[in-house]
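Chains as they are written, first to last, in this note's numbering: chain E, 1 to 277; chain G, 278 to 484; chain F, 485 to 587.
Calculated from the structure, these hints are not laboratory results.
One should not assume that every hint holds.
[Stated by the list, open to error] Examples of chain E residues lying across from chain F (beta carbon under 10 Å, computed):
1. Glu52
2. Trp54
3. Arg57
4. Val223
[Claimed, not checked] Restricting the straight-line Cα-Cα distance to at most 30 Å, the calculated cross-link-like pairs of lysine-lysine (DSS-like) are:
5. Lys307/G <-> Lys345/G
6. Lys521/F <-> Lys136/E
7. Lys126/E <-> Lys324/G
8. Lys314/G <-> Lys126/E
9. Lys551/F <-> Lys126/E
10. Lys163/E <-> Lys307/G
Remember, it's a predicted structure, so these values are computed and weren't measured experimentally.
Beta carbons are placed, not taken as given, at the ideal position from N, Cα and C, and that holds for glycine.
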Amino acid sequence: MEETPRFVGWGALVAAAAFALALAPAAGAQQKSVADDIARYRELLQDGNPAELWEMRGETLWRTKRGPKAVSLEQCDLGLGSGVVKGAYAALPRYFADADRVMDLETRLVHCMVTLQGYAPADAKKQPFGDGTDKKSDNEALVAWITSESKGVVINVALTHPKEQEAYRIGKAMFFHRAGPHDFGCVTCHGEAHKRIRLQDLPNMLDPADARRAYTSWPAYRVSQGELRTFQWRLNDCFRQQRFPELEFTSDASIALTMFLARNANGGTYNAPALKR
Amino acid sequence: MTRKKFFAALAVTGLITGCATMMSDADISKKALLVMKSSFKEKGQAKLDRLDQDEVQATCSLYETPDKVPKDVAQRLEQSQLETIRYPADGQLLGNWKAGEVVAQSGVGKQYNDDPTRPSGGNCYACHQLSKQEVSFGTIGPSLLGFGKARGNTEESRKYAYGKVYNSDAFSACSNMPRFGHNGILTEQQIKDVVALMLDPESPVNK
Amino acid sequence: MADPMKIRATLQGDTVEVRVLMQHEMETGQRKDAAGKTIPAWHIQQVTATNNGKTVLSAQWGPAVSKNPFLSFKFKGGAKGDKVQITWTDNKGDKRTDEVAVS
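Pulled out of the complex, with its shape left as it was, chain E reads as follows:
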């Protein structure tokens, strides 16, 4: 496992190659048909997307009285008013006056867990991601459910408040920030059209059509990992492969970069939790 070639990009590439070839009708199949077969495989699985298990658990978590104050999250304001979940994700990140900060979905959830449910911030941020075993992350489940309530909604991230504008610009600067032993920045893999890392197609996050396609497809159930993965997870794993230190969950940089990428996807129709290999 640990010998799996890794790079700045989209994960366990050898696994993709292996199943793509197994699905290919004949040895020596063209690259095009390999990509087609991956698409077909995805289509076949879409009917029973295990992401729904996370959505279901997330909805229960949302409605369950939890934390020191034993209240549910049902009064949490995700930006459209207290308790409104439908369509909320499509307008995040956004500026929240009550916190005087731009927040993405995860940061807002932590905020609500702290202010409404009385959790200590460290406890609310404890397990952002599942580790591939049966130790599941509550954050991923909540995100799965809340994002699913924006299915079919057009991404509409505002840049009206000065702090929103600043977050966008900082996120943009981060996107082009090349550093580390490999000189990598986000732009290395996601700044040009029609590029591939191994067999994995790379979205050009500076191109609106590509950015929409990519951003609206997270979270996704990753068949190769047996886990639902959030957009936040995607960013973290990109930075790992970029040879950077670890991006902290709900940090300003994480919110700023999400702001930049989400805004670039404005106009796209949200279509997740999805399914990826």
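Got chain E; can you put chains G and F on it based on the hints?
Just chains G and F, lined up with the frame of chain E:
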């Protein structure tokens, strides 16, 4: 107050008050680095100094793509990077192509979850087509299929291949390709092996 | 305690289509962990589906079934409002039963 000093003063104010509306791109970049430093935490071998930039990284981050780097800037960078290249003391540039293929396939190394005591890979296939057998190759870099057949296994092409792997920016400023020798990703022997993979007539690259 | 299943049962003509998602590790017993130790097998062995108490499907599963499995099947003789109940039992004796009304 000169214009320049005025802007410097404004930048400082901006940093302290968090006022965003007046910030220039340069100030935003500075603030972005501060934000990053407070948002990343060191893990394994990846410390926070990895967010800092050397001259090449800082300069290249100013341009969206390598083709937007002005000619004179590119030439200056290429010259400075050319001077970093250290050729092997024994003068031998050609290693073993089979060992080179292993380097080209392996993508481990320098990530926070990698064991720093184990050798890094070059991960060439992630971005380049190299052989007909390996269909899982990326397209961020050009195809190198038949590289040695086209250029010949001459001293000149060995020197170029070694230098390019050692420090790609010496030949193409702000290249997406890591500076494998300069930044200590690959050892001298590993680079020799990759050169052999590129140039040896027996290597799958030239079959 | 295992997580609940997601079950949908819909009547189409004279046939009830049931679709079930189950949350389970489905560990094959063939894999090794980072330290090289074999990860013990842990998978669903028995699946039964009943409609108003009458068994409509009974299956024996093994390690070849994927993690978080999806099961889809059809049966005749059901009506709207019937209770479809799914039960799985794994090789550690863990058990889970969930129920849904046919819609």
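Each hint tested on the structure:
Because the closest C-beta pair between Glu52/E and chain F is about 5 Å apart, less than 10 Å, the hint holds. With a least beta-carbon distance of about 9 Å to chain F, the hint placing Trp54/E at the interface is held under the 10 Å criterion. Among the interface hints, the one on Arg57/E holds; its C-beta lies about 6 Å from the nearest C-beta in chain F, closer than the 10 Å criterion. Taking 10 Å as the C-beta cut-off, the interface hint given for Val223/E holds, the closest approach to chain F being about 8 Å.
For the hint linking Lys307/G to Lys345/G, the alpha-carbon distance of about 21 Å falls within 30 Å, and the restraint holds. For the hint linking Lys521/F to Lys136/E, the alpha-carbon distance of about 23 Å falls within 30 Å, and the restraint holds. For the given pair, Lys126/E sits about 22 Å from Lys324/G by alpha-carbon distance, which is consistent with the 30 Å threshold. For the given pair, Lys314/G sits about 21 Å from Lys126/E by alpha-carbon distance, which is consistent with the 30 Å threshold.
A threshold of 30 Å between alpha carbons decides the hint, and for Lys551/F with Lys126/E the separation of about 25 Å falls inside it, so the pair holds. Pair hint Lys163/E plus Lys307/G holds up; C-alpha atoms about 16 Å apart against a cutoff of 30 Å.
Consistency note: the structure conflicts with none of the earlier hints.
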